[in-house]
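J.: Sequence:
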Amino acid sequence: CGFKRENFNTTEGYKIIGLTQRSSRRAWANLKKNLNVCNRDLKKYKICCVEVNVEEYEMYSPVRHLIGHAALDGLIGVHGAQLTEALFMPEGSLVVELLPFVLEGLLQGRWTNGANAPTPVGVMFSETDLIHVGYPLDRSSAWDVECNKTGIEIVQCFTRRSARWDDRSFMAPPNVIRDIIAKFVQEDPKLCSDFVNAAGQEYVVYNANCRTTPSDESSVHHFYRPKGWVDAKVKSGKKYFEDPARPPW
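When the count follows the UniProt record's numbering, it moves up by one through the sequence shown with no breaks and lands on 249 for the last residue.
Simulated from the structure, these hints should not be mistaken for lab results.
Among the hints, a few may not be true.
[To be verified] In silico lysine-lysine, BS3-like type, Cα no more than 27 Å apart, as pairs:
1) K32 x K44
2) K15 x K33
3) K15 x K46
4) K235 x K190
5) K46 x K32
6) K43 x K190
7) K32 x K43
8) K190 x K46
9) K190 x K44
10) K32 x K15
11) K33 x K190
12) K44 x K33
13) K235 x K15
14) K15 x K43
[Stated by the list, open to error] Just the calculated beta-carbon pair ranges, DEER-fashion:
15) R161 x T213: 49 to 57 Å
16) R110 x N197: 26 to 34 Å
17) S126 x G105: 33 to 41 Å
18) E91 x P248: 16 to 24 Å
19) V220 x W143: 34 to 42 Å
20) A232 x E55: 32 to 40 Å
21) A81 x L107: 19 to 27 Å
22) A81 x G105: 24 to 32 Å
23) S219 x R246: 20 to 28 Å
24) V50 x K235: 17 to 25 Å
25) Q186 x S215: 20 to 28 Å
Treat the numbers as computed from the prediction; the structure is a model and nothing was measured.
Note that CB positions come from ideal geometry on N, CA and C, so glycine has one too.
I would like the entire structure built from these sequences, with the hints used as guidance.
T.: What follows is the structure in structure tokens.
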């Protein structure tokens with residue numbers, strides 16, 4: 001964000017959003033682009049996006065994990081264990097779970113991208129004071145998994161080890177990440193209707209502390225989606241299936 005190490009007071013009043021990276025599998029392939037767009041467009045609102053990689057040597061200590069995440073106001077990453085450390089974040093912080101693209105009818109990984117109930121990771125955020133939002137990634141997130149050109153049957157193609165959700169790298173559209181941060185951090189929703197409006201048709205709000213009316217006290221609410229919402233949104237069925245071109249982002 002352009003802050004100088006010797007002048008930390010310039011960060012006063014900023015919201016710090018961590019975007020998770022991994023050094024081994026499930027790497028965020030266009031993370032730098034997402035960081036650049038976030039900081040270009042949201043710094044004027046005192047929002048700063050930073051990379052968080054718990055697999056780096058600097059994070060060898062559990063204490064560093066705790067302190068590092070306790071300093072965040074939000075954590076964004078693909079479904080996986082790295083999101084569990086969001087539990088160290090302060091009350092009211094945002095957790096964004098990017099739901100992996102899973103071919104419709106494929107059981108492998110199906111548990112990772114449901115929107116009609118908490119995901120396995122999301123169970124630990126349910127009934128807490130954290131905001132938990134999900135965004136389903138579409139086929140373009142796995143643009144480098146080519147099936148049509150190889151002649152391999154689609155299901156067989158996506159069950160290859162390198163193409164599985166738990167191994168392959170992914171991409172996420174920077175405009176979407178920016179939009180999520182703007183709606184759920186910058187605009188700071190308080191009413192339950194604010195969360196519903198912020199979600200629109202794009203996101204699922206698994207967990208939120210909100211008020212039904214301005215005079216009510218905040219309480220936990222869940223705004224799940226109907227079963228099948230993710231598949232319909234990302235068009236994961238075989239009839240829609242084509243190898244996409246590399247996204248411009």
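J.: Could you run down the list of hints and mark each one as holding or not?
T.: Structure-based check of each hint:
Taking the CA atoms of K32 and K44, the gap is about 19 Å. The hint holds against a cut of 27 Å. As the CA atoms of K15 and K33 are separated by approximately 19 Å, the hinted pair is consistent with the 27 Å bound. A distance of roughly 6 Å separates the Cα atoms of K15 and K46; the hinted pair therefore holds under the 27 Å criterion. This hinted pair does not check out: K235 and K190 have alpha carbons roughly 32 Å apart, beyond 27 Å.
A distance of roughly 19 Å separates the Cα atoms of K46 and K32; the hinted pair therefore holds under the 27 Å criterion. This hinted pair checks out: K43 and K190 have alpha carbons roughly 22 Å apart, not beyond 27 Å. Taken as a hint, the K32 and K43 pair is honoured in the structure, with Cα atoms around 16 Å apart against an allowance of 27 Å. Between the alpha carbons of K190 and K46 the distance comes to roughly 19 Å, so the proposed pair stays at or under 27 Å and holds.
Between the alpha carbons of K190 and K44 the distance comes to roughly 22 Å, so the proposed pair stays at or under 27 Å and holds. With a C-alpha separation of about 19 Å, the suggested pair K32 and K15 falls inside the 27 Å cut-off, and the hint holds. Taking the CA atoms of K33 and K190, the gap is about 30 Å. The hint is violated against a cut of 27 Å. Between K44 and K33 the alpha-carbon distance is near 18 Å, which keeps this suggested pair within the 27 Å criterion.
Between K235 and K15, the direct Cα distance comes to roughly 34 Å. Violation of the 27 Å bound is thereby established for this hinted pair. Pair hint K15 plus K43 holds up; C-alpha atoms about 9 Å apart against a cutoff of 27 Å. In this structure the hint that R161 and T213 lie 49 to 57 Å apart at CB holds, the actual value being about 52 Å. For R110 and N197, the Cβ-Cβ distance of about 29 Å falls inside the hinted range of 26 to 34 Å, so the restraint holds.
The supplied range of 33 to 41 Å is broken by S126 and G105, whose beta-carbon atoms lie about 28 Å from each other. In this structure, E91 and P248 break the distance hint of 16 to 24 Å, their C-beta atoms being roughly 38 Å apart. The hinted window of 34 to 42 Å between V220 and W143 holds, with their beta carbons roughly 37 Å apart. For the pair A232 and E55, the beta carbons lie near 35 Å from each other, so the given range of 32 to 40 Å is met.
At roughly 21 Å, the beta-carbon separation of A81 and L107 lies within the given 19 to 27 Å, and the hint holds. Our hint of 24 to 32 Å for A81 and G105 holds, since their Cβ atoms are close to 26 Å apart. Between S219 and R246 the C-beta distance comes to about 45 Å, which lies outside the given range of 20 to 28 Å. Evaluation of the 17 to 25 Å hint for V50 and K235 yields a failure: the beta carbon distance comes to about 33 Å.
Checked against the hint of 20 to 28 Å, the C-beta distance between Q186 and S215 comes to roughly 25 Å, which is consistent with it.
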